[in-house]
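Novice: What follows is each chain in one-letter form.
4 protein chains.
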Amino acid sequence: MGSSERVRPIRLGVAGLGRIGQMHAANASGRTGAVELVGVADAVEDVARSTGERLDVAWTTSFDELLAMDVEGVLIATPTGAHAGMIECAAAAGKHVLCEKPIALDLDASVRAIERARSAGVKLQVGFHRRFDPDWAAVAAKIAAGELGDVYLFRTSLRDKRSPGAGYLEGSGGFFVDVSIHDLDTARWMVGEIDEVTAIGGALSDPAFAEAGDLDNAVVTLRFTSGALGVIDNSRAAGYGYECSTEVMGSLATARIGYHRRVNVEWLTPGSQSVDWVNDFTERYPDAYLLELEGFAAAIRDDYEPAVGADDALAAFVLADACGRSFREGRPIRLEHENRGREYEIATAR
Amino acid sequence: MGSSERVRPIRLGVAGLGRIGQMHAANASGRTGAVELVGVADAVEDVARSTGERLDVAWTTSFDELLAMDVEGVLIATPTGAHAGMIECAAAAGKHVLCEKPIALDLDASVRAIERARSAGVKLQVGFHRRFDPDWAAVAAKIAAGELGDVYLFRTSLRDKRSPGAGYLEGSGGFFVDVSIHDLDTARWMVGEIDEVTAIGGALSDPAFAEAGDLDNAVVTLRFTSGALGVIDNSRAAGYGYECSTEVMGSLATARIGYHRRVNVEWLTPGSQSVDWVNDFTERYPDAYLLELEGFAAAIRDDYEPAVGADDALAAFVLADACGRSFREGRPIRLEHENRGREYEIATAR
Amino acid sequence: MGSSERVRPIRLGVAGLGRIGQMHAANASGRTGAVELVGVADAVEDVARSTGERLDVAWTTSFDELLAMDVEGVLIATPTGAHAGMIECAAAAGKHVLCEKPIALDLDASVRAIERARSAGVKLQVGFHRRFDPDWAAVAAKIAAGELGDVYLFRTSLRDKRSPGAGYLEGSGGFFVDVSIHDLDTARWMVGEIDEVTAIGGALSDPAFAEAGDLDNAVVTLRFTSGALGVIDNSRAAGYGYECSTEVMGSLATARIGYHRRVNVEWLTPGSQSVDWVNDFTERYPDAYLLELEGFAAAIRDDYEPAVGADDALAAFVLADACGRSFREGRPIRLEHENRGREYEIATAR
Amino acid sequence: MGSSERVRPIRLGVAGLGRIGQMHAANASGRTGAVELVGVADAVEDVARSTGERLDVAWTTSFDELLAMDVEGVLIATPTGAHAGMIECAAAAGKHVLCEKPIALDLDASVRAIERARSAGVKLQVGFHRRFDPDWAAVAAKIAAGELGDVYLFRTSLRDKRSPGAGYLEGSGGFFVDVSIHDLDTARWMVGEIDEVTAIGGALSDPAFAEAGDLDNAVVTLRFTSGALGVIDNSRAAGYGYECSTEVMGSLATARIGYHRRVNVEWLTPGSQSVDWVNDFTERYPDAYLLELEGFAAAIRDDYEPAVGADDALAAFVLADACGRSFREGRPIRLEHENRGREYEIATAR
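Residue numbers (my numbering), protein chains in the order written: chain A, 124 to 473; chain B, 124 to 473; chain C, 124 to 473; chain D, 124 to 473.
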């Protein structure tokens, strides 16, 4: 999207052809000159074949075969449980990785996968797409430039219109690791490190959540190292649509992001003026996912660290995990930041 | 505003001629046929005299003298510390009372004042003006009618543009009792009783807050008895303006209130479209305060209980007090609701 | 509304108790200390009696009796055909007049009524309420202060939600004199004198308009003396609601007015975000009509010329009449401004 | 953008590398898999070379050389005066054409170019990009589906932020042919054929316009064959930004389009809330131009008539020309529609 200069396209494969994987594959196969889609993989043969045929690329049910194709990098969009192992395989094959979040459902597996990628010298970018969205990027740039002054409050909402199926919940890692993790990454990115989280939540919309030991609504408060306060609200069942909104209130200015139109049309009917509202993240973020993909390609092409790397993935995971603990134990959880060389200062929840 | 039927005006006095008192006096002296301003009182003679002369009514520096005028009720807008004693005096004189919140800075004094009013048979209305605002009233009516379905989340922001002076802070009762109390009342009114509060906060804008042992920013999370979640954010120093916004997310619909214009004009200048933003509550709530006054007059005229009475005042105070305790102790505070006859089921923080 | 200083209330009567008259009477009887409603009159005895009883004032079916009451001024809200004669009666009785627009359905009658008022030394204010609306007043003030620079374009929409009854149309003076006249006054007030009008129109919503020889939709373009361009669109049948919007585009800035909420609440339902829309002018302009009334009272009390006087009434009428002629003759109509002393420079359509 | 199916890319060349040509070339060279950019041409060698090198495609200063490359179609974005001749050359070479509007500055040249393209059997699509914009397309679809009912009023604004240079004006064909033509096409597309236009205008922002015998602001009213009314306002110097807004008011509903953000962020500073505003059409229409390009490619690939063809180009040109005549003669101009076989029923201004 961004550049009008023709660049060498980076050859990529996509593994995992669910909703996000399909979107990545479509983006890679015709919306940007920055990448070239070489092949796709999915464990379900029908899905792999039909996608490959539709996009006119090679297809396979084997991740190893995908890695063996002439690709420079892979996009991993499989269920979370498979992420870490696939990162390790890709690293062993010398292929760069853009992996959906989280890297794994436990810290050890995450760290091991990250270390394998690091020692193999491959890039590892994590799928926090919001960092590439022009709206969030504009606000982050203003904050970094000091135009908001000292940040007092960070507030964000991430809400799904309706719940994913019970099957999805099972492997999701739970509400905080699956949903809040995006907001926790945004919080760190925009405002800085977080010292304490406190979470409340409930299963309000459907008994299936309680039966699965999971939540469908939660509120998390944050204390940043800077002293700033933060608050996140999340829902699996907002009803009206998908929402992803952020506010940052500072001493000099306050910024708000909250655009949710598909088409920018106002409809006037007797006594009412209305606009539409997006249903899901694919409707809200067509550009962000494309820019994320182009960012990954540029990091490979020009050999620099991805904008959202392993440290960010770990930090957001640790915070999400601490939210779960806060919820279960009914108390604030403090994070301690220990600097361990160039690695992420892994926070330990106390 | 509301009725076009001429009614007998209720004769009122206003005590305490600061910003709110002046607004009440101005409303009572010419914006509604429902009341007649008889006199004003302020401890500072110059203020009392100039206001009385400007509005062409009697004036005094003595609350007893105000009560002795031919008034049916009084509006108490003095500093909080004086509220309870004045309510008791008014009750003894058989005069109805509309008192700014909170009734007192401790529970015992509040309860005693309320009991005096009750046994004297005078109305005691508390100044939660938002209940009279047409925007909030419309949403509350929809919730009550079931149009939002089950409430999942209540979210509200109350923010001042800039801090009041240090002198004001001293007698304010602290941030939660002075500011959050409005949101806690709105939460109870719209969604129902609250079982637990957790507060975080900080003195971020000005060292004067820390020196006074007070806060300038806070976030409070709520657990409602219904299971619904709630979150309040408050600030003394939002910078951009006064904000009072509420969102209620339900299973069937979500409602948002957040109107902050003085004039409804969009200004377009090179590269920018802008609207104005109110500076304070007087600019945001001209109608709400007038309707509050008319509601008080109607309760006297037609002899019914005020829409926002002593029980509400106590409940909000107890919750605000629990927020302070949560903040100091760094933990959630549970409220227990004990039903004690017709009195408010005073919650005990555990 | 505005002042908090108590002033001597001006004693007024209201003649004609249709929708506008009822609103004036309600405003005069309890929403402002600036006036005192003394009596009401309507040709229909039931209407006069019930209104008088409800508002607790004298009532009559005779305008002469209303004038004979101890009133300083009268508000005339009868059908247009009666305006001029009633102004003359009021002038003969030495009573000030606030008359709904237009003064008459022909120029001679208008001029005669104006001259009677002038020679009797009574104020004659005309009901262009928009001049008193805070939104329009704010923009007009900015224009006057030069903040918009040179005006290039004036654009305005005035649309009714649905058509008034056929009975109303009959005495209305036709579409341009009944509807567009408001926009023509706003145009003159904000941008200045107009040299040429061109009108197109149609009877699109209901054959009743065509049968009555009238229109239900029209577009009028304007050439201002300054060179600026203008465009007005009007409708009797917008369907979605009452709309009154204005844009002024200048070399330095552009201003837009277009607020149409009853309550400032956003409703979110699956896939949609909506706000309400006002049904008619009473819902849009509660404050403007009250400020208009207070402006009339102030002009009487402090003895100055009303902000919207006879010259403005004549000018807008002449322009509206020229629109009708442009429509009928299918060509632009030029206005010539002849200065006749202190009187309005009556434009002659060429 | 739209399809996720890989299709055979259509090989294209771009001629004329000004602002629009550069945008087309950038779109063709990396934003869609539907086309492949083969070469670029510009009369200025430096421009041609640097663009070709940047996009890594062949470049030339000769249109004939561009046609001789292995292209299936060409995009013509040269100054208007060159369009018709280039269309004829392309037709002679058997290449499809997407040409910026208007085809020529006089009707005969337009008709001749169209006939050459038709007899050569090449597609001729005209650059009315708005037809491909998702906002306009959504409203057009609703109108076509009858959801707005009978259209009463079509209203549209097209305004540039600031004037193009004097050099641009010279070959532009004048204000109506260069600017209003877009709105006239939109009007026909959305509401239907137009029977009468009336234009007023002025040179208000800069004497250069008057010196060039041209305008910088105009208002055009329309009478549609259906009886509906229309109004267009255009400006070269809106100052605040580029605006392209449309409203269609119907008997059942009204639709409004008017989105002008670059980033969807609200900035709150003391007393003000603001959003940004686009500077020009490239900022407003990134998607529309890309969809236009994909539409052209699809018409070639699947061999159907372009959605915006020669008839539309002629019709809009005739209307724009009639606007100029109306302005010069100070009177409405009627259009007569004569059906001449499959050709456009060329309207004759009477």
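Some hints could be false.
In silico BS3-like pairs for lysine-lysine, Cα to Cα no more than 30 Å straight-line [what the hints assert, rightly or not]:
1. B:Lys265 with C:Lys284
2. A:Lys265 with B:Lys284
3. B:Lys284 with A:Lys284
4. D:Lys265 with A:Lys284
5. A:Lys265 with D:Lys284
6. C:Lys284 with D:Lys265
7. B:Lys284 with C:Lys265
8. D:Lys284 with C:Lys265
Honestly, the hints are just simulated from the structure, not real lab data.
Note that this is a predicted model, so its numbers are computed, not measured.
Novice: Decide, hint by hint, whether the structure agrees.
Specialist: Okay, the hints, checked on the actual structure:
This hinted pair checks out: Lys265 of chain B and Lys284 of chain C have alpha carbons roughly 25 Å apart, not beyond 30 Å. Distance check on the hinted pair: Lys265 of chain A and Lys284 of chain B sit about 21 Å apart at the alpha-carbon level, within 30 Å; holds. This hinted pair does not check out: Lys284 of chain B and Lys284 of chain A have alpha carbons roughly 34 Å apart, beyond 30 Å. A distance of roughly 25 Å separates the Cα atoms of Lys265 of chain D and Lys284 of chain A; the hinted pair therefore holds under the 30 Å criterion.
Under the criterion of a C-alpha separation no larger than 30 Å, the hint pairing Lys265 of chain A with Lys284 of chain D is consistent with the structure, at around 25 Å. For the proposed pair Lys284 of chain C and Lys265 of chain D, the alpha carbon gap of about 21 Å is at most 30 Å, so the pair holds. For the hint linking Lys284 of chain B to Lys265 of chain C, the alpha-carbon distance of about 25 Å falls within 30 Å, and the restraint holds. For the suggested pair Lys284 of chain D and Lys265 of chain C, the alpha carbons sit about 21 Å apart, so the restraint of at most 30 Å is met.
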